[in-house]
Amino acid sequence: MKSTRLLLALALSAAPLLASAAATIAVDRAELVTDLVPDQKRILKLQVSNSGAEATPITVYPEDWQITNGEPDFNNQTHPRALGRRVTVSPASFDLAPGASQEVTVVVDAGPGKLEAGSYWSAIFVQSARLAPAAPGTSGRGAQMRIVERIGVLLFADSAPEGKPLPPDVAINGIKRTPQGLDISINNPSAYMRLVSSAIISVTPFAGGETKKIPFHSFRLLPGTTSAIAVELPAGVTGLGRSSVLAVIDYGAKDLVVGEARLIF
Amino acid sequence: MTRHFPRQLAWACGLVMAAAFLPVSGRAAKPALRQITTIATIAVPASAFDLVTGQAEVTVPGGIVMQVDSSSSWKMQVRATSATFTYLTAPGTGKPKPVAELQLRPAGGGTASVISTSYRTITSSSKTTGWDDYAFDLILQVTSADAGGLYSVTLEFNVY
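Line by line, the protein sequences are chains A and B.
Residue numbering for the first sequence follows our numbering, starting at 2 and increasing by one per position.
Residue numbering for the second sequence follows our numbering, starting at 1088 and increasing by one per position.
It is possible that some hints are incorrect.
[What the hints assert, rightly or not] In silico EDC-like cross-links for lysine to aspartate or glutamate, where the CA-CA straight-line distance does not exceed 16 Å:
(1) K1162(B) <-> E32(A)
(2) K46(A) <-> E117(A)
(3) K1162(B) <-> E72(A)
(4) K1162(B) <-> E117(A)
(5) K1214(B) <-> D29(A)
[What the hints assert, rightly or not] Pairwise CB distance ranges (calculated):
(6) A1133(B) <-> P180(A): 35 to 45 Å
(7) A208(A) <-> A1170(B): 52 to 62 Å
(8) D96(A) <-> T1204(B): 25 to 35 Å
(9) T1173(B) <-> A118(A): 42 to 52 Å
In case anyone wonders, no lab produced these hints; they're calculated from the structure.
Where is the CB? At the ideal position from N, CA and C, for every residue including glycine.
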């Protein structure tokens, strides 16, 4: 009880020290995708907007990332398929007034030399460069955390892009229950990033009853990785008991990819 | 586990719903990040210290609040831009205080992430229904051997 009172007192004492402001940055794309041809440039556009109440300085820059455990890892930057050195952005810094937006041009210059077939990748980061000054008049012992924010737009460029329909090489490795829903393990063995444009889960209880269909949103499969895609289950699925689960995904191959599991809900 | 199923047959078997199959070019994605907190301060009163160990742990519930609006799946990560705090009011005194003595966790519970100069994923979601709040508790470890005064670090929140 004493510690609870202490925490409450500390929270209350800290509350007036929290400076608040609505610095808001948005981009119109989650990713940029193009091709990569030796000696050629590709020009891509990105819209950056500020829907906050205050003007904010913005910086835009490319940053390479590595793939670790099927996920982007922004801590380890160098690898043979890093795209960052071939990318320039313009303008790289600007001020955005409240409600204003700015178009940013991203130029991917493949440059000379041979390229391996497959995806090269980087990210374009849009960062709010405003840093709050130290809180004036603060005294005593304590710590201050100054917060900056940035949004990453993943950038992929395919050397020797694949023809459509895509090869039937993506596989669903497993479907398992998690506290929040389901994890779908999907392997993309190719050297290319693949976009799953749509997917659906069907849950059919063995005891009979209506099949529950759960569409889930598009997602990307990074090259040469197995990704765990988390699917939250809606109300009505819990309590179905032992059921047949079908996961169906569409990434642009001739056929759809289907995975099956028997799980208890 | 995997089977490849002809599209036409999938339709016939009722495996798919029309609305679920949108073309890739129709993907809408507008990740937006709103920084509600620009600076957070943790006050450490003398009464917070354990008199025997000389240590204190101070928690500020919901000390940092961010908002995300996204129509596609996203992750939020955090890192410190330096490995140690910078002393603001007592420069040059005491040993450098590592940022690893600061932790962040989703408000109300969840796993705490020790802050470092490497990005750690602190929350993620498939999408939001508008501007959704993401609040984080701040947890600071302090010892009486730390220099007094105020120390500072910059935290970088990353959404992709």
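Status of the hints after comparison with the structure:
1. K1162(B) <-> E32(A): 14 Å, holds
2. K46(A) <-> E117(A): 25 Å, violated
3. K1162(B) <-> E72(A): 10 Å, holds
4. K1162(B) <-> E117(A): 30 Å, violated
5. K1214(B) <-> D29(A): Holds, at roughly 15 Å.
6. A1133(B) <-> P180(A): 35 to 45 Å: Between A1133(B) and P180(A), where Cβ atoms are some 41 Å apart, the hint holds.
7. A208(A) <-> A1170(B): 52 to 62 Å: 56 Å, holds
8. D96(A) <-> T1204(B): 25 to 35 Å: At 29 Å between Cβs, range holds.
9. T1173(B) <-> A118(A): 42 to 52 Å: For A118(A) against T1173(B), whose Cβ atoms are near 48 Å apart, the range 42 to 52 Å holds.
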